[in-house]
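> Protein sequence lines, in the order shown, are assigned to chains A and B.
Read left to right, the first sequence gives residues 3 to 269 (the numbering used here).
Read left to right, the second sequence gives residues 547 to 809 (the numbering used here).
Just so you know, these hints were derived from the structure itself, not from any lab.
Remember, predicted model here, so these are calculated numbers, not experimental data.
Built from N, CA and C at the ideal position, the CB exists for glycine as well.
There may be inaccurate statements among the hints.
To be verified - Each computed SDA-like pair below joins lysine to any residue, with the alpha-carbon atoms no more than 20 Å apart: (1) B/Lys687 with A/Gly220; (2) B/Lys687 with A/Ser79; (3) B/Lys579 with A/Glu112; (4) A/Lys253 with A/Gly220.
Claimed, not checked - Partial list, computed: chain A residues near chain B (C-beta under 8 Å): (5) Phe91; (6) His113; (7) Arg115.
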Amino acid sequence: MTNDALVAIDHVTFGYDQRVILSDVSMVFPRGRVIAIMGGSGCGKTTLLRLIGGVLTPQRGTVTFDGAPVDPRNGESLFALRRRLGMLFQFGALFTDLTVFDNVAFPLREHTRLPEEMIRDLVLMKLNAVGLRGAAQLKPADLSGGMARRVALARAIALDPDLIMYDEPFAGLDPISLGVAANLIRRLNDATGATSLVVSHDVHECFLISDYVYVISGGRIVGHGTPAEVQASDDPEVRQFILGEPDGPVKFHYPARTYAEDLGLRA
Amino acid sequence: MTATEFLPTLGRRALEVLRGLGHSAFFFVELVKNVPAALGRPHLTAAQVHAIGNYSLVIIAASGLAVGFVLALQGYYTLSRYGAAESLGLLVALSLVRELGPVVTGLLYAGRAGTSLTAEIGLMKAGEQLAAMEMMAVDPKSRVLAPRFVAGVIAMPLLAAIFSAVGILGGYVVGVQMIGIDPGAFWSQMQSGVDVWDDVGNGIIKSVVFGIACTFVALYQGYEAQATPEGVAQATTRTVVISSLAVLGLDFVLTALMFSTPG
Chain A
3 MTNDALVAID HVTFGYDQRV ILSDVSMVFP RGRVIAIMGG SGCGKTTLLR
53 LIGGVLTPQR GTVTFDGAPV DPRNGESLFA LRRRLGMLFQ FGALFTDLTV
103 FDNVAFPLRE HTRLPEEMIR DLVLMKLNAV GLRGAAQLKP ADLSGGMARR
153 VALARAIALD PDLIMYDEPF AGLDPISLGV AANLIRRLND ATGATSLVVS
203 HDVHECFLIS DYVYVISGGR IVGHGTPAEV QASDDPEVRQ FILGEPDGPV
253 KFHYPARTYA EDLGLRA
Chain B
547 MTATEFLPTL GRRALEVLRG LGHSAFFFVE LVKNVPAALG RPHLTAAQVH
597 AIGNYSLVII AASGLAVGFV LALQGYYTLS RYGAAESLGL LVALSLVREL
647 GPVVTGLLYA GRAGTSLTAE IGLMKAGEQL AAMEMMAVDP KSRVLAPRFV
697 AGVIAMPLLA AIFSAVGILG GYVVGVQMIG IDPGAFWSQM QSGVDVWDDV
747 GNGIIKSVVF GIACTFVALY QGYEAQATPE GVAQATTRTV VISSLAVLGL
797 DFVLTALMFS TPG
């Protein structure tokens with residue numbers, strides 16, 4: 003592990019019952035960078051975020067955050083770790099009974115004893131950073147998908163975390179919202195000096211904003227490098243993923259008996 | 547099914563039931579452990595007392611009034627046969643305070659507030675709100691569940707008291723205003739015959755126990771609901787069924803303990 007690594011995943015294996023999700027995966031996330039973890043649906047990308055956040059425990063291998071192992075069984079250290087994390091959930095996961103303002107103020111009110119005037123200023127600054135200062139008094143139900151994602155981002159950075167994790171930040175967004183989201187991820191990362199981890203299958207946007215890319219398929223890393231290096235990769239699985247080819251090493255058809263057998267035809 | 551198949555199936559089912567009971571017991575202990583945290587943030591609990599209690603007032607008051615009306619009519623019909631129609635006030639008050647107030651409030655609470663708690667927590671889970679809270683190093687049991695639990699335990703006896711009070715007024719309207727029983731006899735028999743500790747006190751204890759049971763069931767079902775529309779729907783149904791049975795079962799046990807030796 004290099005010294006400037008904020009998070010290191012060392013030979014991690016994880017699965018449910020007989021199903022292996024991640025198999026002997028090792029990754030290093032250096033400080034201050036935007037790292038993209040890409041791969042098809044169900045390849046284990048979100049599981050990685052859950053392992054880093056201490057929601058799940060690896061069956062083998064270790065996850066370390068700033069040099070200390072992530073241990074879901076140790077409540078206190080997990081609590082301390084999560085205070086240094088910001089996570090953007092796929093659909094925002096905003097608290098629907100609170101206004102936009104109160105959503106962003108939530109972590110500040112829970113974890114600090116700041117006076118209400120200071121919380122107000124901080125929340126408005128965070129909302130301004132995502133362009134939604136004017137929406138402070140709206141309820142989550144009044145927001146579009148893209149706006150909700152931006153409010154969730156403001157909430158995720160409320161405590162100025164060291165690591166911001168994005169779970170599919172581009173899923174289901176229109177082109178304008180998508181461009182806004184991608185731009186925000188890069189800009190916030192550079193402005194706050196945090197490390198950003200973007201889990202996504204959006205090839206174009208990820209290549210545009212990330213410093214380093216990991217491509218996962220079938221629970222293992224099939225390619226990694228700078229966006230240019232990954233784009234130039236001749237690995238068939240990486241090529242199939244970034245070119246969006248329907249068939250290749252990842253099969254179009256789910257494993258089944260032969261078509262002729264299923265239709266009752268005999269040769 | 548042969549005996550060799552039946553026995554392992556029975557054993558598996560029994561283990562599942564025991565595992566479920568153990569799991570819910572652990573959940574209950576966790577919930578109780580977080581009660582001091584909820585009491586330390588009274589504004590969270592107060593907001594829930596408002597949501598659970600205040601919004602249940604109309605249905606509780608309307609049901610109490612209707613039950614009071616019917617109790618007076620039925621009571622008068624029976625008592626007048628024995629020339630004891632003046633005891634109607636006592637009959638209505640004892641029926642409500644000792645039995646109908648806590649039990650019917652418990653059943654209505656399960657249907658009105660319990661379902662709303664289960665659906666709210668279940669949908670929070672489905673929308674990843676609880677997971678988001680955990681990732682923000684905020685324990686949902688302490689921030690979301692415990693204030694609702696405390697609020698339910700506070701709201702239930704208050705609602706039961708309102709149910710009984712409105713029911714007695716209903717009995718008064720039918721018995722005194724409509725049938726013409728002497729108002730002095732109606733109130734004085736009630737006053738001398740209802741004991742503060744044995745009748746009112748035990749009724750309050752019942753409603754506190756029902757408050758604990760119904761709120762716990764509602765929160766547990768919501769928290770453990772499958773994060774799908776179908777899962778939340780099933781959890782809401784289970785809340786009503788289990789809470790109602792719990793109220794009726796606990797009522798029998800508590801009544802047997804409290805009133806088995808009339809003094």
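> Would you list, in rising numerical order, the hints stated earlier that this structure does not obey?
1 and 7
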